[in-house]
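Place chain V on chain D using the hints.
Listed here are the chains, written in short residue letters.
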Amino acid sequence: MLLQLDFHSEAPIYLQIRDQIVMAIAETRLKAGERLPSIRTLAAQSGINVMTVNKAYALLKREGYITVDRRHGAAVAADGENRGLSEKSLAQLRLIAAEARLTGMTEEGFLSLCINGFRQGGRRNG
Amino acid sequence: MDNLFTLIMLACCYPVLPIIALVLANETKPKKNIVIGVTLPKEKQEEPKVKAICNGYRKSLRNWSVFLTFLLIPVFFLPSFSILLTAWLCWLLLAIIVPIVVYIRAHLKLKALKVANEWFGGVARRTVVDITVTASLKKPLSHWLFLPALIISLLPLAIAYLIDQELLYAATMTLSCGSIILLSIFIYPLFFRQKADVAGDDDMINLALTGARRYQWGKCWILLSYLTALFSLAIWFVRNSQWGVLLIVSLYTLAAIAICISTEMSARKAQEKLTAQYGQTQYVDEDDFWLLGLFYHNPDDRHFMINKRVGIGATMNLARPMAKVLTVLSLLILFCLPLVGVWTIYEEYTPMTVTASKTSVTVQHLSFEISVDYDDINNADLLYELPGLSRLNGTGMDTIDKGKFSVEGYGVCQICIDPGADTFLVMETDEKTYMISTPSSEETEQIYQWIEAR
Chain D
0 MLLQLDFHSE
10 APIYLQIRDQ
20 IVMAIAETRL
30 KAGERLPSIR
40 TLAAQSGINV
50 MTVNKAYALL
60 KREGYITVDR
70 RHGAAVAADG
80 ENRGLSEKSL
90 AQLRLIAAEA
100 RLTGMTEEGF
110 LSLCINGFRQ
120 GGRRNG
Chain V
0 MDNLFTLIML
10 ACCYPVLPII
20 ALVLANETKP
30 KKNIVIGVTL
40 PKEKQEEPKV
50 KAICNGYRKS
60 LRNWSVFLTF
70 LLIPVFFLPS
80 FSILLTAWLC
90 WLLLAIIVPI
100 VVYIRAHLKL
110 KALKVANEWF
120 GGVARRTVVD
130 ITVTASLKKP
140 LSHWLFLPAL
150 IISLLPLAIA
160 YLIDQELLYA
170 ATMTLSCGSI
180 ILLSIFIYPL
190 FFRQKADVAG
200 DDDMINLALT
210 GARRYQWGKC
220 WILLSYLTAL
230 FSLAIWFVRN
240 SQWGVLLIVS
250 LYTLAAIAIC
260 ISTEMSARKA
270 QEKLTAQYGQ
280 TQYVDEDDFW
290 LLGLFYHNPD
300 DRHFMINKRV
310 GIGATMNLAR
320 PMAKVLTVLS
330 LLILFCLPLV
340 GVWTIYEEYT
350 PMTVTASKTS
360 VTVQHLSFEI
370 SVDYDDINNA
380 DLLYELPGLS
390 RLNGTGMDTI
400 DKGKFSVEGY
410 GVCQICIDPG
420 ADTFLVMETD
430 EKTYMISTPS
440 SEETEQIYQW
450 IEAR
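Protein sequences appear in the order of chains D and V.
So that you can map any letter, position 92 of the first sequence is 91 in numbering that gives the first Met the number 0, and since no number is skipped, the others follow by simple counting.
So that you can map any letter, position 358 of the second sequence is 357 in numbering that gives the first Met the number 0, and since no number is skipped, the others follow by simple counting.
Calculated directly from the structure, the hints in this document are not laboratory data.
Check each hint, because a few of them may be wrong.
[What the hints assert, rightly or not] List of simulated lysine-lysine pairs, BS3-like, C-alpha gap at most 30 Å:
#, chain 1, residue 1, chain 2, residue 2
1, V, Lys48, D, Lys30
2, D, Lys30, V, Lys307
3, D, Lys54, V, Lys137
4, D, Lys54, V, Lys138
5, V, Lys48, V, Lys218
6, D, Lys60, V, Lys137
[Claimed, not checked] Covered by chain D, according to a simulated footprint, are these stretches of chain V (three or more residues, beta-carbon under 8 Å):
#, stretch
7, 130-137
8, 196-210
9, 253-267
10, 300-312
C-beta: ideal position from N, C-alpha, C; glycine also.
If we strip away everything but chain D, and leave its shape as in the complex, we get:
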């Protein structure tokens, strides 16, 4: 799985790491149980600060996407856990829905976009 870091983007690097790992898990490019590099190795390989990678891994762990074990390092969390969307993600979804409504999009059109986006993200849980 390729991690592409854009240092000129407005998105912070730790968030770029978090978003790309989430996308890779959803698209099954990273499979459940697959080992992730250690914080130090990933920082050294991508040429970024250890604290930045640490922040991304901590966020991913808090959100339940990865597990971090002192002995075995970081790995993609197992399937099947229905965590639901975070408050922040739900707020973003509501904002996008409002923007769609304001552009004159119909409910069916918006739902169709959502379904396409959901399917593009892979079929991790079935």
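Structure of chain V alone, referenced to chain D:
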């Protein structure tokens, strides 16, 4: 002496040209989608215009190599050591710069073609890391692997200690060879810390690319350590034969160069084969970080060392201040090479100045000076033939020998002479023995008479 020197310079300097030309010519074969330092989409690598640039580049490299080889012919007829040395150093500079200029011209031409045709599509201006590869990277082998080599390199010192002979020589050799082995132990893991190769979106290919390079370079440092250990042992056994030492040093140098070149070539061949085999959907384009296809400059990359795109081994990230300083220093040293020759010409063609009076004599050549008061002299000899000399330190050329020399019949002497002179004056004092010559025999005889008179 000039003929032997020409042969030594030929053996040391000439191989630089074919090695650089071959390494640069190899850049026309796509490796990690890179052709002459330009990243191209796979389907464009066989375009006729790309092929034409590659063929023209190879032809140009060949023609310049032939021209530079012919340029060496007049060197064989040059009159003196210093002019010969200057000519060789100038030629060496040309042999390094000309092929690189040919490469840069072809690189810029291909890059312009890429821009004109908008052959983009790779992941550009981003730092790309393959997470799967990074998680699977193998660790370097244990440092203990180098221990036998280190022990072998210590053997001459142990033997010298046991037989109580030539301890200083053995200690010098052991220290030199041991340092090279210790350096290998230090550099070996550094190759495993370098950024992993990422050619495209295929994890297995990226892993194989990185693995191939690390395996080859790891093997190279281990081999170099054991080669150095054997060299240490061999040079001890042939220490009394001048030709034996020359042979062993030559063999060691040749073997070390061969190991380094074959390592890089094997790694690149593996890259070439691996990237030619698969049809990728996504590829990495880091051209923006490579100035002229040679110099890496990426302010967002904290790595100091990076695998070279062209050439052998690693290069520095010029976005790091220390890398800038080291690069400028290296370029300065390279461009100042012919100045060493100019300085030698100055040494060889500046005459000695002799200031003699009835009480003392001073012989001066540039910053070197011998000054002797006649009252300090215990014994003086006037020689009409130059005795056998062996330089310990200083300068030895056709027109001047100066410094500390071992002189047949007199032992260690401070000398400042023109080896072509007819008479030589040896002056022994309580502390040192001196040997001088003057521009004319009459002057030397006159000084000798003044000494005898006192």
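Hints, verified against the model:
1. Lys48/V to Lys30/D: Distance of about 43 Å is beyond 30 Å: violated.
2. Lys30/D to Lys307/V: Violated - the C-alpha atoms of lysine 307/V and lysine 30/D are around 33 Å apart, more than 30 Å.
3. Lys54/D to Lys137/V: OK: lysine 54/D and lysine 137/V at ~25 Å, within 30 Å.
4. Lys54/D to Lys138/V: Distance ~25 Å between lysine 54/D and lysine 138/V Cα, so the pair holds.
5. Lys48/V to Lys218/V: With a Cα-Cα distance of about 39 Å, the restraint between lysine 48/V and lysine 218/V is violated, given a limit of 30 Å.
6. Lys60/D to Lys137/V: Judged against 30 Å, a Cα distance of about 26 Å means the pair holds.
7. 130-137: holds (count 6)
8. 196-210: holds (count 3)
9. 253-267: violated (count 0)
10. 300-312: holds (count 3)
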